[in-house]
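Using the hints, put the two standalone chains together into the complex.
Same order as they appear, the protein sequences are chains A and B. For the first sequence, position 108 matches number 96 in our numbering, and the numbering has no gaps at all. Position in the second sequence counted from 1, then plus 16, gives you our numbering.
Source of the hints: derived by calculation from the structure; they are not laboratory data. Even for Gly, the Cβ is constructed at its ideal location relative to N, Cα and C. Please note that the accuracy of each hint is not assured.
Far from chain A, some chain B residues (derived; all Cβ distances over 10 Å) [to be verified]:
1) Thr51
2) Glu146
3) Met192
Restraint-style ranges between C-beta atoms, simulated for each label pair [stated by the list, open to error]:
4) B/Val213 with A/Gln408: 58 to 66 Å
5) B/Phe76 with A/Ala388: 20 to 28 Å
6) B/Phe76 with A/Asp372: 28 to 36 Å
7) B/Phe76 with A/Asn138: 50 to 58 Å
8) B/Glu81 with A/Asp372: 32 to 40 Å
9) A/Asp246 with B/Glu81: 21 to 29 Å
10) B/Phe203 with A/Met386: 26 to 34 Å
11) A/Ala274 with B/Met195: 29 to 37 Å
12) B/Met195 with A/Thr151: 53 to 61 Å
13) B/Val206 with A/Tyr27: 32 to 40 Å
14) B/Val89 with A/Glu202: 38 to 46 Å
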Amino acid sequence: MMCKRIIERLLSIILILVMCMVLPVSHVQAAPPSYQYSYWGDTVAAPAAYMATRIIDGVMMGAGALQEPADIHVTDDQEIYILDSGNQRVIITNHRFELIRIIDGFVNEGRMDSFNNPQGIFVTADKQLYIADTGNQRIVHLASDGTLLNIVRSPESEMLLSTFVFQPARIVVDRAGRMYVMTLGVFDGFMEFNVDGTFTTFIGANRVYVDPIEYLWKLLSTREQRSRMVQFTPTEFTNLDIDAEGFIYATNGDQWGDNVKKLNAQGTDILRRNGYFSPGGDIRYAYIDGPPRLIDIDVADSEIYSVLDAKKGRIFTYNGDGYLLYVFGGIGNRIGEFHTPVAIERLGDHFLVLDKGYGEITLFEATEYGRVINEAVRSYYQGDEERASRLFEQAVNMNANLEYAYDGIGKSLLRQGEYQEAAEYFKRSMDRKNYSKAYQLYRKETLREVFPTIMTGGVILLAVFIAVRRVLKSRGRKRVVTFE
Amino acid sequence: MSKELFRFPLYLTVHPYKAFWELKYDRNQRASLWTAIVILALLSLTSILQSQYSGFLVNFNKPEELNSFMEIVYVVVPVLFFSIANWSLTTLMDGEGKFVEIFISTCFALLPLILINLPWIWLSNYLTFEETAFYYFSNSVAALWTLYLLFVGNMTVHQFTPSKTVLTLLLTVVAMGFMAFLCLLFFSLVQQIAGFVITIYRELTLRG
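Bound conformation, chain B alone (with noise of 0.2 Å):
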């Protein structure tokens, strides 16, 4: 059982027709949901150590300005963005996905990133600026991969057809955005209340 676990998303990334299916309609969704929380908590990982250790030539991070809990919210809030929006608009568009079967998928295609990049942060500490192009295709490599198991997982998950999946994923995008154009809206409005109350109590204070 538990070879399993660390068998199937590795089986996933090379088979995700068959295993996104897998995912969806044969396995425990439970412990799927925990692989994936710990697939996210890796991938948060490596973009710890990535900003900390890669080598110095791939390395354009501040060392002082390092913050590990804003590197994990790097990776964690586009995820449960990309979830939410994508939930949001697949209800209106007859997707058969539920909430938590678009994050395990979406969490689950993530997995190239870590298998990937991983590695190349040890390895790129022995590089030289030729070769850093290998750094940047692999990179590159990582990101199309996830994408591409992205649009399959999404394609399973809902029950799309592939032209749809595509426009679903686009406007997901746009999704995206208009919330995070949102909740800037909502956390400077805050913002602005808030400091509107206080200036209230100093000047109360201050005159009484």
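Looking at chain A on its own, in the form it has when it is part of the complex (with noise of 0.2 Å):
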């Protein structure tokens, strides 16, 4: 009784001591500084990836106000090329954004010319310059002294319709000198032109979309009614970049299904989707919000990519496989977040996103966390798993729910021939197809290990078993006889 009456208040003493320890921290805690999803998809916390630095405007490059700035891009060597459109003119400056140079027009037959209203920009690894002038219905090809090299306009071909406006809004270009253009208003994909600009053929449409409900309306009118309503057509694409193998990463505008495309030279999607959600930016949102429209794309080395939702402005960051990197940005007044952001392009390791509504770029500086990550992915790819490893388990001790990083640590493990701590690994990282290769290893070894003993085991059972039964019938015998 006095036994039973001490040990509750001990119990209750002890109770009150974990509540002081505990409620007082779970007020105190912050908002998490950012976000990943888990293999459940549930929203888990994560440190931030990327720090936004600096926020740089027109002024501070020495190039007045930007208007309306549309798009960017940055060479190999780490030259910026800001597209500002508002002003009509493009605005060349270093990696430091000091600038060097102001292209506001061009020489076109012995006159003056200047842009329309321009939407795209792609300068090439000897710095050509090409510019999606969509005011004017036309591109603008630009040796890098900004002398006039060619124009092509609106392409004549059976595969365009009479009515057909040629609006050119982005443009990529790959190493052969063709060019890929997404043009307004067309949905048959990105158009494609020849070295000398002349049109050859659309690649990469997107699949239409059936809503059931209206399909079955369509079924039920009449002709004349249909013919009044809106057609089924695939939807638009919203932007496109090319990587160093000349492939071609796209998004899309919908609002369903795969909204990130890796075209390959026939305009087959081949992205690997192998991640725990197919990449596309926010899998949670709330349901006035609407899914993640994405307006940009960018990828670097590595196959890493990162896309751009305009709804939330957050930058998403992928690797080849589809696993979900980092997340960072957002909409909003403080610093690293933005108005309305339009475009993203690497510089370096560091990230700059451009503000269509602010006319400013934001400077993205990775983190530790950031470095370790980006560079852990890049030893991956090259095959250099042991340093993977090594980076992944630093990545996993700054944040323990990035998943992707225990199938890093996994594979690595695998090859060392580690397969019981492998399967453990995978088995973290939700990797079925992976943990059942280490297992299948492991198992093999351990059987191989054991067998010997189990068959020696059973051998020596088999023989004792017969050996006892064998007694046991001569005594029985022995004793039927005696009962007879």
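What follows is the structure, encoded as structure tokens:
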């Protein structure tokens, strides 16, 4: 009786102590700086991978205020090309945002010519400029010194309707000089142009999505009614980028399906979607907000790519297998948040985000965590699994929620022959396929060790069993004999 | 007697025609009912163990959301639904079975699900991806076997012809759907009424 009371009192004291320890902490805890999606689709806390360090506007660059800039491009040697659409010019700066040059026109057939609301810019390795001069319905191709090389105007082809208006909005150019142009109001994919500017074909059209209810209405209505209804059309792309190998990465504005694509030369989608969720921004969102709307994509080395969600102003970065690496950005008034982000671009491992509304560029620099992940993914891509494993371990120490990192460690362990540990790590990253691979090897190994013992034991047992039975039988027979 | 208690359900799984006949006409109903309840409890236990301890490759449950109570509900409620729906139909269709008999035969028919799935919980921990086919195959076998026992049990209990049994079983599924719909409707209405009353109460207390 006494004992019980003491225990009860002790328990209550412990409980109060625990509450004292736990409660204040949970109150103080601030919102986590960033988030990740777990295998189960839950939003889990993650440290920030990128931090906004600077905001740069036109005045700081020494070019005057930007007006509705639309696109940005960074060359391999880190020169920044900003397409200042409202002022019809291109601003060129070095990586410290110090002005190098401004291009606000070019000499065309002896006369000065200028842009009209250009929307897209691309710069090749030898610094030739391609500008999608949307308002003038043409693509302007300039040499690195700003002299005109070529103008691509509305193409004539039997693939195009007579009412077709050529409004190029975004452009990329591959190593061979072929142009891939995203054109407003075109549903057949990207327009591909030859080196000399002749239109060849469309590639990579989006699939048509048919709303079942609308389809039912269409079936029920007469031909006249049907002709007045909206046609089912595939959606337009919203942006594109090209990687070093010539694959086109594209985003579209669909509210459903896979909104990120990697197109090969034939226009087939070859993006790997082996992550926990297929790449395309947030998977959890409020009903009133609706799904994310991706408007820009940027491909870095090692198949790392980032997409920009215009609705929430967030940048999502994925690796080549389609695992979400990190998220940053947002809509708001503080540094690191945007009003109307329109374009993202990598400057080395930094990020530039162009804000059309404010006319500013936000520079994001990787934190320790971001650097470790970038390096880990790179090492893994280059085949240096041991280094990748070390880096992934560092990343896990900073963010235990990064399930993808466990996968990286597991793969390295698998290669080293530590099958049991590898299986354990794959289990943690919910990678069933690799778990199975590791487990199979582990099972084989264990069985090989244990098999001789089991067999010897079995044989001995069998021998003993037979011997005992024989002895019993002979005794029984004797007994039977005596009974008879 | 006690040995017989274990042996009979096992006998039933392989000799359903004879055993269900015995179950209906020869055996002590009270004892059978208890056995049926034990089988149902064991199946619930199997279902809980399955979602907790199945191997990683075949277990797609989120461990944090595992609720043993709900697992029991998922086993018991369908069985009750089936029995009630079947009873309501067969009383109209000249079936000879009483409700208790239907319930007992249904529970006995579930035995293969325990016999096959329970060992697989342990075995599934030692599988690789390619071998999970065996796991799924066994699960299907268990399900088909149970379906067969259900068919024979129902036929024997009601003294139906095979074709009529198939028809009643199909109609039973439809009736179960109706029942589920009615239950949903009922609960949602009750919820609405409760919400309404609570709102009025709140309004009154806040005004007062």
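A quick look at each hint next to the structure:
1. Thr51: holds (36 Å)
2. Glu146: Given that some Cβ of chain A is not farther than 10 Å from that of B/Glu146, nearest at about 8 Å, it is violated.
3. Met192: Its Cβ never comes within 10 Å of chain A, the nearest being 27 Å, so this holds.
4. B/Val213 with A/Gln408: 58 to 66 Å: holds (59 Å)
5. B/Phe76 with A/Ala388: 20 to 28 Å: holds (23 Å)
6. B/Phe76 with A/Asp372: 28 to 36 Å: holds (34 Å)
7. B/Phe76 with A/Asn138: 50 to 58 Å: holds (57 Å)
8. B/Glu81 with A/Asp372: 32 to 40 Å: holds (39 Å)
9. A/Asp246 with B/Glu81: 21 to 29 Å: Between A/Asp246 and B/Glu81, where Cβ atoms are some 28 Å apart, the hint holds.
10. B/Phe203 with A/Met386: 26 to 34 Å: With Cβ atoms ~47 Å apart, the hint is violated.
11. A/Ala274 with B/Met195: 29 to 37 Å: Given about 35 Å between the Cβ atoms, the range holds.
12. B/Met195 with A/Thr151: 53 to 61 Å: holds (59 Å)
13. B/Val206 with A/Tyr27: 32 to 40 Å: Because 37 Å falls inside the window, the suggested range holds.
14. B/Val89 with A/Glu202: 38 to 46 Å: With a Cβ separation near 39 Å, B/Val89 and A/Glu202 satisfy 38 to 46 Å, so the hint holds.
The structure is inconsistent with the numbered hints 2 and 10, although it conforms to all the rest.
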